[in-house]
Each structure stands twice: as C-alpha cells, then as structure tokens.
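Participant: Each chain, letter by letter, is given below.
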Amino acid sequence: MDLYPTSDQEQIIEAAASYMKGELPADRLPTAGDAGVGVGAWRSLAAMGWFAMGVAEDKGGLGLSVVEEALVLREVGRQAGPLSVLATALAASAAAALGDTVLVADLASGARRAAFGLVDARDGGYRLLDVVHADLVLAWDTSGVGLADLTAFPGRRPVRCIDLSLQALSADAPAAGDIRWAPADLVRRARLLAAAFLVGGAEATRDLSTEYAKVRVQYGKPIGAFQAISHACARMALGCEEAVSMLQFAAVCVRDEKEQPDFQAAAARVVAARVAYDNATAAMQLFGGYGQTYDYLPHFYLKQAILIGMLGGGADEDLAAVISVASTLGD
Amino acid sequence: MLKVCGPNPAGKAAMNLDFSAADEAFRAEARSWLRDNVPRERRPEDGREMRDFDMAWQRRQYDGGWAGIAWPKEYGGRGLPVAQQLIWYEELAKAGGPELGVALVGLSHGGPTLIARGTPEQKAFHLPKILKGDVVWSQGFSEPGAGSDLASLTTRGVVDGDHIVVTGSKIWTSYAHLSDYQELLVRTDPDSRRQSGLTWMICDMRTPGITIRPIHFINGEHHFNQVFYDEVRVPIANVVGEIGEGWSVAMSTLSFERGTGFTQAQIELAQFVDEMVKRAARPRDRSGKTWLDDPAMAKKLARLRADVAALRAMTYASVSRNMRRDQPGPDGSLVKLLLAQLRQESQRISMELLGADFATMNDDTALYLRTFQRSVGGGTNEIQMNIIAQRVLGLPKSY
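Order-wise, the sequence lines are chains A and B.
The numbering of the first sequence is our numbering, which starts it at 1 and goes up by one.
The numbering of the second sequence is our numbering, which starts it at 1001 and goes up by one.
Isolated chain A, as found in the complex (with noise of 0.2 Å):
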C-alpha cells in the first residue's frame, strides 16, 4: 500500500506540469480571447502522449495507466487548460474500446481533436464546447459515453459559453445511430479523469488564495494574518486533500480493478467537483473586488468547475452510483 507518487510518476507530473506553465499558462486567459489551441501547440501535446497515454500499446497508446493519465489532467486543470484536452483523451479510450485503431491513431496523434457534448435535459439539444479545430465529439450524458463527427450533429450555431475563452456550439441531436456509446465502464473512467482535471483547479484556486493572502496588505497586516481569511483558506486545502487523496485512491482502483471501482470512481468526481466549485467561489470572495473581473483568474476556475461538473448528467448520477453500492469497505 502506497499513495505516494513513484520517481517515474513524480517525472511525469512534472513534464506536464512545466509544459502548461510555460505554454498554457492559466494567465493566458484573460487576454486570449476565444481561439482555442492551434494546430502547432496541439500537435506538441500529441507528441507528449497525452491523448493515448492511457490506450493499450497493441491499440496504438502509449500503455501508460489510467493513474498517469490522472495526474497528467490535474496538471492540465492546474492551468484551467482546454477542456478539448480532457474530451480527446477520452474519445482515445472510448475509441480504443470500440475497436477503433484508425481512430485511436488520428487522436493520439493530434490529427483529430474531440469538443464535448453536452446534452440539454430540456429537448435533448447539445452543447458542444471547445470546438476549435474540433472535428469529434464525446458525447458523455447519464446513458454513457459515446462517439459522433462533430458534422453529424445537424443545426449548429455559435453560442457564448459561459466560459468566454471556448467557442461553443448549440445542435440539434444527431440520428440515432450516429453516436458510437462505449462499453459501460468508459464511464468510470470518464468520472475519474474528469475529477483529476478538477482536482487541479480546485488546488490552484488554492493556491491563488494563499498567495494573495500573504501579500494583499489591509489594516496594516496581510489579510491572511485575520482568521475569517486563514480559515477560508485552511478550508480549501482540507479540500484539496480530501479531492487529491480520493482522486489518488479511485484512480488505483480503477486500474487494478479493486475495491469497487465504479464506486471509487464516482466518490472521486463527486468530492472533486464540490471542492473545485468551493475552492473557486471562495477565491472570488477572498480577492475582492478583483474577484469579480474578468483580468482576475478565479472565475475561470468557477466555469471549469461548472462544465465538468455538468458532464455525464452532473453530480446526480455521481450521487446514484455512490449511494447504489451494499458496501464501501470491500471485504
């Protein structure tokens, strides 16, 4: 038993940690209007395996495990990175299980790039987000994950996102037939590495807090110095703990299968999208005035949490599979 990233894991949270600061900066975003990523920088993320890291050697990945591909999306959501990132790698394991090597190639080589579908409960429409250069969807609502061509989804129009930095699409359901649903237990995965990208965003509104608490100087003394503010801040990273661990945990489960995987998996996105969504709302309060503008980061944190959370039918169905299981402790 050991939770404990190994030197190989802490290697590679560290290379996607340094390519996102140096080249999608969560500071990019207040000024980088809506483009998206471009082709060059998508196809550098390509060439660091991170949309088949996960995908079986034999199926054209890298044979990496779900674990690494966790770690590799908390540092991709550290950054309030793409969501496209998170859908594509994804549509790769979605693919791979399909059977769909010509597919799982185009991905993880950066020839493909996948947006997310979203379904509208009210008439079954779809929002489809960051589609930049996106010619896929994964499609991932309370009956599963799935894959369809961006074109297969008739009546698209721009909509703003309510994440101002991705384009976004409004559509009108494709033909039954045209999504491709992946075996069951995509959605486990699904949950997990949606938390991961969560989880990084919940532990940088932290540290976003944390920092400004030491420096912001009010009354003669940094705020982080008055309780009502140290403790807001003591709070998230209880969260983040709790979000990390749990994450951490899950992901092991569902690699080797143990302890109820679906469960953990579930537990994980539920805690995580709960701190992320704390953690951002407390980091608008605790800056301020400055919390509320748009050249401020913590906003970008709140519609992150909201998007992800969202996937999949949101925490409701997170909730059903928690509460579905006999038991929690296995044997």
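Among the hints, erroneous ones may be present.
[Stated by the list, open to error] To spell it out: a stretch of chain A is covered by chain B in this simulated footprint if at least three of its residues, at any positions, have a beta carbon under 8 Å from a beta carbon of chain B; those stretches are:
#	segment
1	4-15
2	213-226
3	232-246
[Claimed, not checked] A short, non-exhaustive set of chain B residues, derived as facing chain A with CB atoms under 7 Å:
#	residue
4	ASN1016
5	PHE1019
6	ALA1021
7	ALA1022
8	VAL1082
9	ALA1083
10	ILE1212
11	ILE1215
12	MET1297
13	ALA1313
14	SER1320
15	LEU1334
16	ILE1383
17	MET1385
18	LEU1393
19	PRO1396
[Stated by the list, open to error] Below 20 Å or equal to it, Euclidean Cα-Cα: the simulated DMTMM-like pairs (lysine to aspartate or glutamate) are:
#	chain 1	residue 1	chain 2	residue 2
20	A	LYS303	A	ASP178
21	B	LYS1397	B	GLU1242
22	B	LYS1129	B	GLU1099
23	B	LYS1397	A	ASP207
24	B	LYS1094	B	ASP1204
25	B	LYS1123	B	GLU1242
26	B	LYS1299	A	ASP316
27	B	LYS1278	B	GLU1345
28	B	LYS1094	B	ASP1149
29	B	LYS1299	B	ASP1326
30	B	LYS1300	A	GLU317
31	B	LYS1094	A	ASP207
32	B	LYS1094	B	GLU1074
33	B	LYS1299	A	GLU317
34	B	LYS1300	A	ASP316
35	A	LYS258	B	ASP1018
36	A	LYS59	A	ASP100
37	B	LYS1300	B	ASP1274
38	A	LYS258	B	ASP1149
39	B	LYS1094	B	ASP1274
40	B	LYS1397	A	ASP316
Because the hints were derived from the structure by calculation, they are not lab data.
Quick caveat: nothing in here was measured; it's all calculated off a predicted structure.
For glycine and all other residues, C-beta sits at the position ideal for the given N, C-alpha and C.
Chain A is already provided as a structure; the job is to place chain B on it using the hints.
Facilitator: Chain B only, in chain A's frame:
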C-alpha cells in the same frame, strides 16, 4: 520537446493499494486473534465497571502480544511498521473491537512521552504497567483559563526540597476519577510567560490535596472532571525532562497523537454510514416508502458516503507520507478536522432517519451527543485550521 518517460518498469509497484505478503499474513493473524478475543459483552458506560472493562481488554491484548503495537520493541511494544498499524486498526474496527477508552492517555500520550523523554527509572516503572492495563492515566493540561491557549496556564508548582508543591486547577480531565497517574503540566517559574517556565510531571492521583469534581457531559455521562490541587506534593523524581522544559515535553506528547490512530474511528464511521444506507432502504412507515425514495435524503447520504471514502483515502495518503518521515506532519490536522466534521454530519442524518427514537436518551442519541466533543477535544476545529493555515499553507500567525 518534452517527453514523458516510457512505461514504468516498476509496473504495479507504482502507487498501489496492495499489501505485501508479510502484511497480508499479519492481517490474517490479527483478524483471527480478534475474532476469538474481542469482547462480546457490552461496554459499561461509566464508573469502575467501565474502567475494569477497558483494562481487561488491554490485559487481554497484552497477553496475546498485541499491546502497544506502535511502541518500540525495547519498551515492550510490537514496533510494527506503519502499514501494519493501519491494518491492525482496520481489523480491530471490522471485528467490532472497543476503542482505547480509559487506556487512551496512557497508551497514546503518557507512555509515548516517557519513551521520548523519561528517565530509565520512570520508563521501567510505568511502561509495563501501562501496556498490561494495570493503570489508568489522565491528562492534566487544560485549565479553566487555558484551553486553546494552553501556554497561558497558571497552575503553580513551587520547588520545596525534593518536591514540587502544586496548587491550582485543571479542567476537562477525562477519567481523572478513574485514573492512577496524571501527566500534569504546571508553571514552576512564577516570573515566566507563555511556553517557558513550565514543567511536565507524573502525578500520583492518590497524593493528598487532590479533589476531583465531576462534570457531566451533555448526554448525562461522567467522564470529564475538574481537578483541584491544594499544595499537592509531587516528587521531583517524577519530573519528565527538566524543570522548565515542560512545553517541549508536552509537544512531544502531541506529536504521537496523529498517526494511524484515527483509522479505527474512520472505519467505524464508514460502517455506520453503510448501516444508515441499509436502514434508509427499509420502509419508513405503513406507507411503504423508504428514506432512499426521498431524493434529498438519498443525496445527503451519498455525499456523506463519498466524503467518508475520501477520508479513508486521506488516511492512506497520510500513512504513505508517514512511511517516509520520522514524525507525522501537520497534515494530521486535516484528517482530524474532516473526521470530526463527518462524524457530526453522519449523526445529524441519523437523527433524521431515526425520527421519534431521537426523543429518548438511548445508544443512538448518546452517540449523537458525544460527537459534539469531536470538534473541541484534542484541539478545536479552529485550532486545527490555524495549524493548517500556518504550517501547511505558510500564512502569517493570526493571533
């Protein structure tokens, strides 16, 4: 171009929940012993009977070779590696074993402090008694005027020949009325302030001048006390560490508190929540409806369950870090904080599920009321948050 490294040659050794063959053998041995030895009779709630019950259980563990699982072997303990301590507490909880009860202070505070700072004579005299369940220890730290701010304590100790004469009062002293010895922290330098000038000593509770006044807990149980010391003469030979060094001795006590010791409570909580979910699936009344049919209740239970799973993961993560360092870090405060919060939340939901049963004082309601001490005892939630803010996050001191 940055590249991730290739497939991990260590394979599944990388981040895992697998226990070694030796650990699994240990688990089997512990499970089997516990199945045959965990007391089946109900633990008395109070008084001498409770003490006898807890001491008998401690003696049984001692005779079976299970006493002091974290204590070094040279002092009669098992000196188990952290992973096996974790396994022990997991198995103890799963077997329905009792918590330490009145043995807590001796095994988790007093004994470990003597191991860290005591003289050879003090160790030889006290440690075997603690392990065997012969003696009960209590903790004389908090005072009416010194709670979270422990360093403001004013109970006085005056050196008089080869004794220290103690006058003052301690409060919230669990099981003082059942204890033989007390770890007692007093101010021996009247001109000192704060952490300096304090002395940590072993006080024999039969010494003349000690008066114990019971304080009844909100569920009617008696385990708290206020203790009054009227010129109580404690031999200087009972001082642990040096006179005036009591604060550092007391801090060495506290750092023993935060290891795998929360595991048992946390497994019990997971079992409790699983049980609540089962109960919630049964018909509530003649209508045949269940609590799980109520979406608000189902969500509350599910959120609690996810948090309890995360608490377990947090404990594993913390144990993984503790395997790499000599002393537990400040992250133990995170586990304590979450455990207190989840115990209280689970009990609040339990109150809703039980309905009219909550009108009476019974096992369930006594337990419910007991959870209110979890966010105060052993350092309040607010103090834990100060520790996290300052020592985990590096924020400035707020007081």
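Participant: Indicate, hint by hint, whether the structure satisfies it.
Facilitator: Each hint tested on the structure:
Only residues whose C-beta sits within less than 8 Å of a C-beta in chain B count toward coverage, and the segment 4-15 of chain A has 8 of them, enough to reach three; the restraint holds. Under a criterion of three residues with beta carbons nearer than 8 Å to beta carbons of chain B, the stated coverage of the segment 213-226 of chain A is upheld, 7 such residues being counted. Counting residues of the segment 232-246 of chain A whose C-beta sits closer than 8 Å to any C-beta of chain B gives 11, which meets the bar of three, so the coverage hint holds. Because the smallest distance between the Cβ of ASN1016 (chain B) and any Cβ of chain A comes to about 6 Å, under 7 Å, the interface hint for this residue holds.
For PHE1019 (chain B), the shortest C-beta to C-beta distance to chain A is roughly 5 Å, which falls under 7 Å, so the interface hint holds. Interface hint status for ALA1021 (chain B): violated, as the beta-carbon distance to the closest one in chain A is roughly 13 Å, over 7 Å. With a least beta-carbon distance of about 12 Å to chain A, the hint placing ALA1022 (chain B) at the interface is violated under the 7 Å criterion. With a cut of 7 Å, the hint placing VAL1082 (chain B) at the interface with chain A is violated, because the nearest CB-to-CB distance is about 10 Å.
At its closest, the beta carbon of ALA1083 (chain B) sits 6 Å from a beta carbon of chain A; the interface hint therefore holds under the 7 Å criterion. The closest approach between the C-beta of ILE1212 (chain B) and any C-beta of chain A is roughly 35 Å, which is over the 7 Å cut-off, so the hint fails. The restraint placing ILE1215 (chain B) at the interface with chain A is violated, with a minimum CB-CB distance near 28 Å, outside the 7 Å limit. Checking MET1297 (chain B) against chain A: minimum C-beta separation of about 10 Å lies over 7 Å; hint violated.
The interface hint given for ALA1313 (chain B) is met, as the beta carbon of that residue sits about 4 Å from the closest beta carbon of chain A, less than 7 Å. For SER1320 (chain B), the interface hint holds, the least distance from its beta-carbon to any beta-carbon of chain A being 4 Å, beneath 7 Å. Checking LEU1334 (chain B) against chain A: minimum C-beta separation of about 5 Å stays under 7 Å; hint holds. At a threshold of 7 Å, the smallest CB-CB gap from ILE1383 (chain B) to chain A is about 11 Å, leaving the interface hint violated.
Here the hint on MET1385 (chain B) is kept, as its CB sits about 4 Å from the closest CB of chain A, short of 7 Å. The closest approach between the C-beta of LEU1393 (chain B) and any C-beta of chain A is roughly 5 Å, which is under the 7 Å cut-off, so the hint is satisfied. Checking PRO1396 (chain B) against chain A by beta carbon gives a least distance of about 4 Å; that is within 7 Å, so the hint holds. A hinted pair counts as satisfied when its Cα atoms are at most 20 Å apart, and LYS303 (chain A) with ASP178 (chain A) does not qualify at roughly 29 Å.
Restraint check: the Cα-Cα separation between LYS1397 (chain B) and GLU1242 (chain B) comes to about 29 Å, which exceeds 20 Å; the hinted pair is violated. The straight-line distance between the Cα atoms of LYS1129 (chain B) and GLU1099 (chain B) is roughly 19 Å, inside the 20 Å bound, and the hint therefore holds. Taking the CA atoms of LYS1397 (chain B) and ASP207 (chain A), the gap is near 18 Å; set against the 20 Å cutoff, the hint holds. With a C-alpha separation of about 36 Å, the suggested pairing of LYS1094 (chain B) with ASP1204 (chain B) is violated against the 20 Å cut-off.
The hinted pair formed by LYS1123 (chain B) and GLU1242 (chain B) meets the criterion: a straight-line CA distance of about 16 Å does not exceed 20 Å. Between LYS1299 (chain B) and ASP316 (chain A) the alpha-carbon distance is near 8 Å, which keeps this suggested pair within the 20 Å criterion. Between LYS1278 (chain B) and GLU1345 (chain B), the direct Cα distance comes to roughly 17 Å. Compliance with the 20 Å bound is thereby established for this hinted pair. For the hint linking LYS1094 (chain B) to ASP1149 (chain B), the alpha-carbon distance of about 37 Å lies beyond 20 Å, and the restraint is violated.
Using a Cα cut-off of 20 Å, the hinted pair LYS1299 (chain B) and ASP1326 (chain B) is violated, with the two alpha carbons roughly 41 Å apart. With a C-alpha separation of about 14 Å, the suggested pair LYS1300 (chain B) and GLU317 (chain A) falls inside the 20 Å cut-off, and the hint holds. Distance restraint check for LYS1094 (chain B) and ASP207 (chain A): the Cα-Cα separation of roughly 38 Å exceeds the 20 Å cut-off, and the hinted pair is therefore not satisfied. The straight-line distance between the Cα atoms of LYS1094 (chain B) and GLU1074 (chain B) is roughly 29 Å, outside the 20 Å bound, and the hint therefore fails.
The hinted pair formed by LYS1299 (chain B) and GLU317 (chain A) meets the criterion: a straight-line CA distance of about 10 Å does not exceed 20 Å. Between LYS1300 (chain B) and ASP316 (chain A) the CA atoms are separated by roughly 11 Å; this keeps the pair inside 20 Å, and the hint holds. A threshold of 20 Å between alpha carbons decides the hint, and for LYS258 (chain A) with ASP1018 (chain B) the separation of about 10 Å falls inside it, so the pair holds. Proximity of LYS59 (chain A) to ASP100 (chain A) is assessed by CA-CA distance (about 9 Å); at most 20 Å being required, the pair is judged to hold.
Distance hint between LYS1300 (chain B) and ASP1274 (chain B) is fulfilled; the C-alpha atoms sit about 13 Å from each other, no more than 20 Å. The hinted pair formed by LYS258 (chain A) and ASP1149 (chain B) fails the criterion: a straight-line CA distance of about 46 Å is larger than 20 Å. Distance hint between LYS1094 (chain B) and ASP1274 (chain B) is fulfilled; the C-alpha atoms sit about 13 Å from each other, no more than 20 Å. Between LYS1397 (chain B) and ASP316 (chain A), the direct Cα distance comes to roughly 40 Å. Violation of the 20 Å bound is thereby established for this hinted pair.
Checked against the numbered hints above, the structure breaks hints 6, 7, 8, 10, 11, 12, 16, 20, 21, 24, 28, 29, 31, 32, 38 and 40 and satisfies the rest.
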